[in-house]
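So the protein lines, in turn, are chains R, L, G and C.
First residue of the first sequence? That's 1 in the numbering used here, and the numbers climb one at a time after it.
First residue of the second sequence? That's 1 in the numbering used here, and the numbers climb one at a time after it.
First residue of the third sequence? That's 1 in the numbering used here, and the numbers climb one at a time after it.
First residue of the fourth sequence? That's 1 in the numbering used here, and the numbers climb one at a time after it.
Hints listed in this document are in silico derivations from the structure and should not be mistaken for laboratory results.
Quick caveat, the model's predicted, so the values are computed rather than measured.
Virtual Cβ for every residue (Gly too), placed ideally from N, Cα, C.
Incorrect hints may appear among the rest.
Stated by the list, open to error - So the derived label-pair ranges between C-beta atoms look like this: (1) G:R52 x C:S50: 32 to 42 angstroms; (2) L:E144 x C:P241: 33 to 43 angstroms; (3) L:S13 x G:R52: 21 to 31 angstroms; (4) R:A256 x C:E226: 40 to 50 angstroms.
Stated by the list, open to error - Here are the simulated EDC-like pairs of lysine to aspartate or glutamate, each with C-alpha atoms no more than 20 angstroms apart in a straight line: (5) G:K159 x G:D204; (6) G:K178 x L:D255; (7) C:K108 x L:D255.
Said to hold, decoys possible - Sample of chain G residues with no beta-carbon within 12 angstroms of chain L, all distances over it, derived: (8) D85; (9) S296; (10) K308.
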Amino acid sequence: MLKSVELLPEKSSDELIGLLKEMWTIRYFDEKVDEFFAKGMIHGTTHLCVGQEPTASGPCSVLRSDDKITSTHRGHGHCIAKGADINLMMAELFGRSTGYCKGKGGSMHIADVEKGNLGANGIVGGGIPLATGAALTSKMKNQEDVILSYFGDGAANEGSFHESLNLASIWDLPVVFICENNQYGMSGSVKEMVNIEDIAERASSYGIPGVVVDGNDLVEIMNETDKAVQHARQGKGPVLIEAKTYRWKGHSKSDARKYRTREEEQTWKEKDGIKRFRELLIHEEILTEDDAENIRKEAKQNVEEAVQFAEESPEPGLDTLLEDVYA
Amino acid sequence: MLKSVELLPEKSSDELIGLLKEMWTIRYFDEKVDEFFAKGMIHGTTHLCVGQEPTASGPCSVLRSDDKITSTHRGHGHCIAKGADINLMMAELFGRSTGYCKGKGGSMHIADVEKGNLGANGIVGGGIPLATGAALTSKMKNQEDVILSYFGDGAANEGSFHESLNLASIWDLPVVFICENNQYGMSGSVKEMVNIEDIAERASSYGIPGVVVDGNDLVEIMNETDKAVQHARQGKGPVLIEAKTYRWKGHSKSDARKYRTREEEQTWKEKDGIKRFRELLIHEEILTEDDAENIRKEAKQNVEEAVQFAEESPEPGLDTLLEDVYA
Amino acid sequence: MRELTYVEALRECMSQEMRENENVFLMGEDIGVYGGAFGVTRGMIEEFGSKRVRNTPISEAGITGSAIGSALTGMQPIVELQFSDFITIAMDQLANQAAKLRYMYGGKGNVPMVLRTPAGSGTGAAAQHSQSLEAWVAHVPGLKVVQPSTAYDAKGLLKAAIDDPNPVIFYEHKLLYKTSSDDVPEESYRIPLGQADVKKEGTDVTIVATSVMVHRALDAAEKLSEEGISVEVIDPRSIVPLDEETIVQSVIKTNRVVVVHEAVKRGGYGAEIASMITESEAFDFLDAPVKRLGASPVPVPYNPELEKAMTPQTDDLIQTCRETLQRT
Amino acid sequence: MRELTYVEALRECMSQEMRENENVFLMGEDIGVYGGAFGVTRGMIEEFGSKRVRNTPISEAGITGSAIGSALTGMQPIVELQFSDFITIAMDQLANQAAKLRYMYGGKGNVPMVLRTPAGSGTGAAAQHSQSLEAWVAHVPGLKVVQPSTAYDAKGLLKAAIDDPNPVIFYEHKLLYKTSSDDVPEESYRIPLGQADVKKEGTDVTIVATSVMVHRALDAAEKLSEEGISVEVIDPRSIVPLDEETIVQSVIKTNRVVVVHEAVKRGGYGAEIASMITESEAFDFLDAPVKRLGASPVPVPYNPELEKAMTPQTDDLIQTCRETLQRT
Ligand SMILES: Cc1ncc(C[n+]2csc(CCOP(=O)(O)OP(=O)(O)O)c2C)c(N)n1
Ligand SMILES: Cc1ncc(C[n+]2csc(CCOP(=O)(O)OP(=O)(O)O)c2C)c(N)n1
Ligand SMILES: [Mg+2]
Ligand SMILES: [Mg+2]
């Protein structure tokens, strides 16, 4: 559908517009969450993906509905991109019984097993073996489902990364490992924490393809993930994709961001992937400025409605404490 | 001293002859242990390094006495090559109070901390982080000591391998990682357990040099380890060396070796590194056939004496049970 | 009925399940042609092929995590960890993922997997290959923990573990692998988790014993019967869930109890069982304090005499029962 | 004397040690300019530089293992694990290496390291960031385990832990970081490991409480004193080694005891303490069974009310003390 750039996966104009709206939804969702945390209206902690929307929406948009993802502590975007209902997400953050986890999980544990989101994870690197196992199911059951495993640059230094990629590679499992390299762990700069330029280079340790993509270029991400997903679906084994991106906000609710400069932040903000995709759609005449503005407002409005839904939802009863430990 | 091949580390003829004798000692030691296990005269289990003598003797021979090693479950050779007293080793295998560990450790836990052997390890991959930490001590204390970390091809699939190599690489620690690729874990063929040709390729994940050596060529091993040790000692950071070798015996005392063919075993036995080095020394006129034979006999005799020492040593008293848990 | 060893009983159970249920498969190090370090899976790759008997690299965390992921998506993996000491490497996946996913997700998803692994000392394998760390997993809500002491129990409990929709840690014992039961049915059967077995009835003192200690308790009971002392031996078989009722009723009957396991006494699960008894209605029936026996607080030593001295033996049980009977 | 928070006390101790002893250094995730997830190391990299305050990659097993290796060769590392839940990833290195090396090597070599890590719930961090798993490490011979409940204790115990030639697991508590003591000396001091502290004397019932529960026990004691009930509150401070004597003597005096911790009750270390009391000479002085309080057998839930309902609160302690006093 796009003329000036090549887009490999087939997407209708409506679908492309949907992606723009989804990215806006992700952004407004997390900005709203930020606001509530700052006001002390939500309990616990949270990790926002503002600035990383394209790495959530792009890869998920090339998946089939039976394909699955594993997500991370910074998982709201992945969750939305995999089709979650933001009402249930917001309710979960409010700890309400209507939330995805009935108020028991919170931000770090939102899962939507039916939609194929096998869950956020509070353990850095903890989801990578789970994705590998889900891919094993797909292979053993001849399902053709592909699993997309999200993790950060920091997670690439955990043993679980290594063991999982090795396992997936020797068994040719249908899993795409996607490293959202947002330049930092919590405060540890990727430049100091690994001795190589690109984390994608690590693919060579497992004899699998490694690809670097611009995390702010939705089209590039979609193209590369699409290729990787097809590779995996065809039984050719896993692929490691590294998306260079940046988290605009602090790591979690209390972060003075001393480990980086405001200038660096500014430089990255100028690369905003939403803005870029919006301009592309306008340039391609898929969208007018007015449409774009309406879409943005709708997304914002949807988030407001999610807040309302959450606020009106009941707290879980204390009698639920002991429920759902065992199946 | 050698004429027909280039040997980088300076070694006198006596030293070269000493290495031949050491390799014989390792072989006879482990063959003796094999015999005792077969007869049920020793308790527990053991892992023999028959056929892997050059990867023990070569790397250790280029170390200074303050340099250290970490070893593995298959560690008798490393221990002898790092200067251990075989009497105390054999006594340990017999579980006697005179043994290196006072009878409390056995084959998998022989350590000789004073001589710089930081210990065998029953946990596959367990010693790699320890070596990394010892290298950190060296660096923090400006000691110039280099640490050599032995592990197997199987261990290269443990998370500890990955985390340690990453840490050592970002901190430029003076550690040489040496993978004794004897083609199998316990039964898992390296061909099935990794998706790459050489484990040394994994060095690229950490931006460090990776080198493959012929594990039956003592001179090549010495040359490559010597370069690596110098690299590390000069503060240039770690190196990963992979030595292709083969264990002649089964994995441990009860192993029917179904996972490999007798032909394959034969092929590797023909590459015997001891025989090869012996012939080199004779060819170089450093040794006559007769000298070589005498050396071999002496090594064998020394092992017999170690057995006698062990047999004559007392059992540890039951009152030692509770000793040495805490310092 | 048939005599079968503990190893054979385990293998028969897995084979029967795999024939019936295509979701069940095995993963582990050297479980293929090698047959596993203790021979439990011997012959299975020949029957079921390398897709369902998956030989893995040496990557305990990765294997365990992958099993969890596959269980979460519809398979029923049985993982063999070569020695239970290596569970230390997989604890994040077990305690933080397998045990918690369902609860964290508000009751969505479940993890029907079994992790089989041999524990215990007595083989000279020394400190890193001889531990009994079942207390760790038993402390983690969301896991179930089984410790069969006989071939008969092994077969029936393993079936229950495989059928269970939750992660089950199934502790085998190295010294039991070659022991046999003469009453193992050929057909598949299930022993419900959470059902203790009274291995021997008695009236004077109760011994609650797990795994290999069940046999030492039975030996002790036999010797004590010569002195006219009647010992009741209870094997909980699973420690999570724990059949508190059977234990409490026995203590109410005998008024005296000794709890024994091979694990280090300090912080072992015997403390939980002993405290549970004290907190129960049995307290008022106790004629002597609940007594625990467990290993000395040391890493398992290599020397066979030291190794033996570390763990409770039949004689220790005999003496402890006598002491407990002498308390007034 | 000076008022200092728990965080400040910890930081002051480490800084003083690092000024005195060049072998002492810090390793951990985000302990540099970030100051650690809970701000404990804030400002330290500025004073001591990045060589001695080493920011690490996210590699818990690797960091812990490296610390062990450096301790074995002459350094005295202090590792910060960001949340104690992540100890699950480092258990092989802690339990199989650090704890056992010295014994396995026949008394050669030792591992003078401290692993500091925050435990506990109450912050809404949910199931993977709120556990209290001290029972695991306390079960492993070769490790020592410390749980300071006040700023004063934190400073003195941390010094003892750093000076100790053995691996010490030092459990901090998230809810205590901001609490303060008004009696923290400026100079360095050491509180020996294995010395319990009687936080409040009393005569009717003893509460043995660890970490944050010490404060709930003191609150309960205060409220119960209004009813004329005199509670003695004992804080073991270290659970390995455990000051059994102080606990036993207190029970001999009060004849009644409640053991409380935040960890899950099932298989928690309270079972060890309770069983130890039952097995001791205090048994004959007990007027009521030893009672334990601990968390419900569930992963820590996110919702604040559920989270609170899971762990023992002051009211639960009050009620349990009353019940224990009513037993005859
Ligand atoms: C095993 C583990 N170690 C440490 C943490 C604490 N922690 C949470 S997020 C984070 C940084 C993760 O960095 P990265 O993987 O790059 O993801 P990002 O936060 O940048 O999205 C850390 C250290 C954790 N949750 N789990
Ligand atoms: C963590 C761990 N997993 C598994 C084992 C069991 N085991 C002992 S040696 C071995 C094979 C190791 O293979 P490799 O690293 O190649 O060393 P090799 O035995 O070939 O010298 C295995 C699986 C162990 N001891 N530790
Ligand atoms: Mg990151
Ligand atoms: Mg090998």
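Hints, verified against the model:
1. G:R52 x C:S50: 32 to 42 angstroms: violated, 51 angstroms
2. L:E144 x C:P241: 33 to 43 angstroms: Hint holds: Cβ distance 39 angstroms, inside 33 to 43 angstroms.
3. L:S13 x G:R52: 21 to 31 angstroms: violated, 59 angstroms
4. R:A256 x C:E226: 40 to 50 angstroms: With a Cβ separation near 44 angstroms, R:A256 and C:E226 satisfy 40 to 50 angstroms, so the hint holds.
5. G:K159 x G:D204: Outside the cut-off at roughly 34 angstroms; violated.
6. G:K178 x L:D255: At roughly 17 angstroms apart (the allowed maximum being 20 angstroms), L:D255 and G:K178 satisfy the hint.
7. C:K108 x L:D255: Violated - the C-alpha atoms of L:D255 and C:K108 are around 33 angstroms apart, more than 20 angstroms.
8. D85: violated, 8 angstroms
9. S296: violated, 6 angstroms
10. K308: violated, 9 angstroms
The structure fails to meet hints 1, 3, 5, 7, 8, 9, 10 from the earlier list, while all remaining hints are met.
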